[in-house]
Structures are given as structure tokens and as C-alpha cells.
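Visitor: Chains as they are written, first to last, in the numbering used here: chain P, 1 to 234; chain W, 1001 to 1439.
Incorrect hints may appear among the rest.
Stated by the list, open to error - Derived DEER-like restraints, expressed as beta-carbon distance ranges: (1) P1429(W) / I201(P): 49 to 57 Å; (2) E1354(W) / T183(P): 50 to 58 Å; (3) S1341(W) / L185(P): 39 to 47 Å; (4) D1322(W) / L60(P): 31 to 39 Å; (5) S1329(W) / I201(P): 22 to 30 Å; (6) S1341(W) / A194(P): 37 to 45 Å; (7) M196(P) / Q1223(W): 44 to 52 Å; (8) Q1223(W) / R120(P): 43 to 51 Å; (9) L185(P) / G1404(W): 53 to 61 Å; (10) V44(P) / S1342(W): 36 to 44 Å; (11) I201(P) / M1353(W): 50 to 58 Å.
Unchecked claim - Not everything, but these chain W residues come out facing chain P in the computed CB check (under 8 Å): (12) G1183; (13) L1185; (14) G1327; (15) E1330; (16) S1389.
Honestly, the hints are just simulated from the structure, not real lab data. The beta-carbon is built from N, C-alpha and C at its ideal position, and this holds for glycine as well.
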Amino acid sequence: MREMIVEELSQAMHELARGFAHYLPRLIVMLILGFAGWAFAYIVKLVLRSILRLIHFDRLSENAGASQLLAKAALPSPTEVVSRFVFWVVWLGFVLLGVNVLGILGLQEQIGKFFFFLPRLFIALFIVFVGLLAASFFSRAALLAAVNANVPSPRVLSLAIRSIIIVFVLSIAFEELGIAEQTMLVAFGIAFGALMLGLAIAFGIGGRDLAQQFLEKRFVRSKKEENEDEFSPL
Amino acid sequence: MSQDTVLRAPTIVPGIKVAEETFLTDDFLRQLINVGEVDILVGLPTHNNAKTIEANVKAIQSGILRWFPRERAVIINADGGSRDGTPELVTGVSIDDVRASSNLHALRTLHSISTKYSGGPAGPAAMRTILAAADLLQAKACVLMSPESSAVEGEWFLKLLRPVRNDGFDFVCPTYRRHKFEGLLITNLLYPMIRALYGLRIREPYTHEFGFSGRLAGGFLNQNVWDEATGGRGAELRFTLAAITKRHRICQTFLGDKEHIEHRGADLVPALRQTVGPLFSAMDADFPVWSAVTGSQPVPTSGPDHEVMMEPLRVNRKRLRDMFSSGVSELASVFQSILSSSTLSELHQIARMEEGDFNYPSELWVRTVYEFAASYQKSVISRDHIIQSLAPLFRGRALTVLNGNRNSSAEEVEHKIEELCLEFERSKPYLLQMWKAGE
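Work the whole structure out from these sequences, hints included.
Guide: As C-alpha cells, then:
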């Protein structure tokens, strides 16, 4: 009996030692990948930060309105945020590669999905950034045109254009990520429709006087007012 | 080969050099080749100007017959697709009518050529066409005429061409008799700023009527102003700046009344795009020139360098004030990117003033303009948006000038313009400081 217990224990120890010996190199590889990944990610972060500073990415983000958003959330500058984000993504990628080396069933499939998801994540982020730039540009263009044409409530018009573009961009980004595609589509349709309906009601019914003023100014009074300013800038 | 196709094969015709690549149409080139070299070229950019063009062409022909009967001359009409028969009117005016009515005779054939370009109203494409023709025909003296002016006189040609033809000048700027409230963008921004930057007192730096030498035309054609994102917008102003920076000989000549059919108050934004945009844009390339200039010098002038009319003028002051105030308030987020906090704060204070007390002082106006120029250089936002956002502020400045000069005499108006010019010159170090910080 005693011999049997000793033998079982001895066998278990052997298997543990064999298993450990089997996993140890993989564990070491994982740790090496983890450290190497950290070093690589850090270098990537430094290089990316320099490039972004060189191309004045912060100014670009300021134009897009991203800087203001980050400032409101007490986050660092856009250059810093992007650099850190890329650092974590690269390092996480290496860590997951290391975990993959361990050969744990089930995890491998999830890791594969993660790497498949990465390009889509970057594309979605790119879409959001360009979308914010476009929203900022077009809303400012509308604001300037409205102010110079003496249109009432120019900021409302500008904000409406900005909102429409951002909602549109977010729906595209979510579709790219494959997150709640149907929900986003329906949400976008409802939001867009509601916005248009709201504007129509506000302008047509709620703001009848405003609409009347606007139309009069546009089609009736424009000539009269133009004649009132009988001086030429040039 | 279609008419719009770019010519690539070198063409050699006696007396005319044709560049290997030209944007001119085949038909137009053939007509130019038939004309050969000329002494005088008159450029006439048009677009639906049937009402005034016939009288203008007659005045041009009369001027050439009267003042330059021995010269080889050509009238080049660059038309932007008129639908009212303008080109036909240009080429249809018979020199015999002018001869008969004025009893004048030319010793040379007076050619008249019309060509079309795509691009709508007379603009950079028309000017480029005329300059290219002047270069190809090796014209000695040229003059560009505005088709919209209804006061063209034959004597204008003498005034604009003689300094080039006889006195060796390369660029002849006109000066006009204007109402004291006309051309506020010129008197409050373009003239004083160009004077402060480049050191020359040119009263009408942006004009559609001027004389120039073939040498200046050829040099300007090769400048990189046509292929920029602006598409050559404001080429007239760039032409003036090119004459200054390339150290060509410049003079001014008094033409009389300034006709203004277009450019109402509603056209302020296009006016800013055509003038202030090109000026700010040129400052980048011209930095080595203007950064070394201090003070300013007068330009040789024939006749008075300005004359002021005092007739009453109907202006909607309330509308100007409202548009300034709403602009300052609604565009606060835009101005935060362009102006310093102290300037913006002062503008907010002015925006709260009543119409009667309204005052946008010269010192603040100069600081505003210089900060806009520095922001344009740094492209803090879209450059076109920077130019557009200047419009409400200019309205505020215009209102101050209108209020301040309501009962002023011509001398007082001129004195105030001179004071503003000196303020621009005094504040130039501030601009330089911002400019260097942005580089």
C-alpha cells in the first residue's frame, strides 16, 4: 500500500517535472517576447511621437476638434494619446503572441480573432479622425458663410452640420468594427430622420416668423439692403 | 488637335518665339503669328460686357490712333464665354468709324484678336492669356483695361503707356478720384499694409487698369502663381507685388474718376479672397524682401496721387454694426485660433458698444490684421476660413471710418489714412516677431 502511494506520488512528480520541463522553454519564450515586445513597442512609441510632432498632429487634431474633447476628459495631448495607444496595442500584440506559444487550447482562437480585429480597429479609428476633421471643416465653413450672409442663428446651423457628419462617421466606424451593425444602422436612421424632422418643424412651424424673415431677407430685401450699402470695398 | 490641347511641339516663326508648352489655343496662336511682333498691346478681359465694350474699344482705338499712330499695335480680347456677343462686338468695331469721327489716321494696321478661355468672369485665366500674348508678340509696352469701366478715355492710354514706352518704367499704376468712403479695403488694409511691408507708397495696388512692360509680363508669367490652389486668384495684386519685389521701375498716373459697377458691400468676401488672400500668401515667399524694409518711399507720380469726392452716400450703419457684433460673438471659437487673447477681448468690448459710440481704433485694427497674417502663415485653420473670418471685423473697421469721417474734409480723410499707414509701419516689428515665432 505504502509502496503504491510512493509510486503514484513519484509518478505525479515526474509528470509535473516533465510538464514543467515541457512548458519552461515556452514560458521563457513568452517572457522574452513580452520583454522584447515592450522594448519594441517603446521604440515604436518614441518614433511615432517624433513623427506626429513633426507633422504637427496636435494642430491637426485641434482643427478636428479632437484636442478639445481630450482636454475636457483631462487626457494628454493627441500626440501623446496616439503614441501611448499604439504602444499598448503593439505590446499587447507581443504578449498575446507569447501566450499563443504556450499552446493553451481555446486561447489561440481568441488571439487569432484579436489579430484579425486589429486592422479593422485602426481603420475605424482613422475613419473617426478624418470624420472629425471633415465635421470641423464643414461646420466652420457653414458658420462663416452664415455669419457673412447675416443668416440668423448661424451656430445652430453649424452645430447641426457637425452633428450630422459625426453621427454618420460613427455609424461607418461601428460598421467597420462589426459592432451592432443593425443597431447602428437603425440608430443612425432614427437620429438623422429625427434631426431633419426637428429642423423642419423648428423652421417651418416653431420658427414661422424666423422663416419668413429669412425668406424675405433672401428674396425680397436683399436688393434693398444691397442698395443701402453704396460703398465698395475695392 | 483640339483647341484646348496643350501644344508640345516647338514652333518657330520668324519674329515670334512660341514656348514648347503653352496653354493658348491653336486658333489664337495662329492669329498671334499672323500679327507678328508689336510695340503696343492692349489687353481686354471680358465676360458679358456688351453694354460697355463697344464704347471702350472705340476709346482704345481712338487713343492708339491719336497718341501712337506710328506704333505696331494689337488689341487682345480674352473672353470668358460671354453669351451676349461681347467678342463679336470687340472684333466688329471698325477702325474706319473712329477715323471718320476723330479725323485721325494710323500708319500701321491695328489688329484686334478675340480668344475664349474657360473660366467664367474675367479673372486670372484672362490675365494669363493676355500676358502670354504680350510675351509671344514681344510687346514693348502693354496696358490692361477693365471692360466694366464706363469712363475709358483715349487719354488714359497716353497716361498708362507713355511712362513704359518713353520713360523706361515697367509698371504704371493708376490713381483715381474716389468718394471718401469708396475703396475702404484699399485705404484701410491693402495700401497701408503693402506700404509698411514693401516700403513703397502705391495708392492702388489692386487695380484692373494698369500699364506694364513686356519684360515684366514675361517675368511674371514664369512665376508660380498660376498653378497654386488659388488658381491664380488675385493675380492683379500679385502682379503689383512682383513688380515691387523684382525691383522693376514703378510709377503712378492719375486717371480721373474711378468707375465701380461691381464690388458692392455684399461682395466683401470675394474681394477679401482676391486681395488679402494673395497678399498674405505672397508674404511667405517675399519674407526676405519685406523683413528688411523699414519706413516707406513715395513712388514717382504724374498728377495727384489721390482725389476725394464728398457727395453724400447712403450707408446702412446699423447693419454694419450688427454684422460686426454678431460676427465677433458667433465666430469666437474661430477667432480664438487666430487672434491673441488681448485682441479678442478688446474686440468683444467694442462689439458691446452702441452704434453712436462705436470705435474700432487704428492700433487695434493694425494688430488684428497682423495677427491674421501671422495665423495665415501658420495655417492655424483653413487659410480660406481665415480670410472669410476677417469680413465681420472689416465691417467694424469700415463703420468706424464712416462714423469718424462723416463730416471730414478731404484733407482730414487723407490725414487719417496717413496716420493709419504710419501705425502699420510702427507696428511692423510686432508682425516680424510673430512671423519669426511661427517659422
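Visitor: Measuring from beta carbon to beta carbon, are D1322(W) and L60(P) in 31 to 39 Å?
Guide: The hinted range 31 to 39 Å holds for D1322(W) and L60(P), with Cβ atoms some 35 Å apart.
Visitor: I want to verify a distance hint. Is the separation of the beta carbons of P1429(W) and I201(P) within 49 to 57 Å?
Guide: Holds, at about 56 Å.
Visitor: 39 to 47 Å was suggested as the range; check whether the CB atoms of S1341(W) and L185(P) agree with it.
Guide: For L185(P) against S1341(W), whose Cβ atoms are near 45 Å apart, the range 39 to 47 Å holds.
Visitor: Cβ-Cβ distance between S1341(W) and A194(P): within 37 to 45 Å?
Guide: 39 Å, holds
Visitor: Should the hint that S1389(W) touches chain P count as held when the rule is a Cβ pair under 8 Å?
Guide: 6 Å, holds
Visitor: Within 50 to 58 Å: is that where the Cβ-Cβ distance between I201(P) and M1353(W) falls?
Guide: 37 Å, violated
Visitor: Does 44 to 52 Å hold as the CB distance between M196(P) and Q1223(W), or does it fail?
Guide: 48 Å, holds
Visitor: Have a go at the G1327(W) hint: is there a Cβ in chain P nearer than 8 Å to its own Cβ?
Guide: 5 Å, holds
Visitor: Using the nearest Cβ pair, does G1183(W) come within less than 8 Å of chain P?
Guide: At 6 Å from the nearest chain P Cβ, G1183(W) passes the 8 Å test, so the hint holds.
Visitor: Is the gap between the beta carbons of E1354(W) and T183(P) within 50 to 58 Å?
Guide: The hint (50 to 58 Å, Cβ to Cβ) holds, given that E1354(W) and T183(P) are roughly 55 Å apart.
Visitor: Starting from the hint 36 to 44 Å, judge whether the C-beta atoms of V44(P) and S1342(W) obey it.
Guide: 42 Å, holds
Visitor: Looking only at beta-carbon atoms, does the pair S1329(W), I201(P) fall within the given range of 22 to 30 Å?
Guide: 26 Å, holds
Taken one by one, the earlier hints fail for this structure only at number 11.
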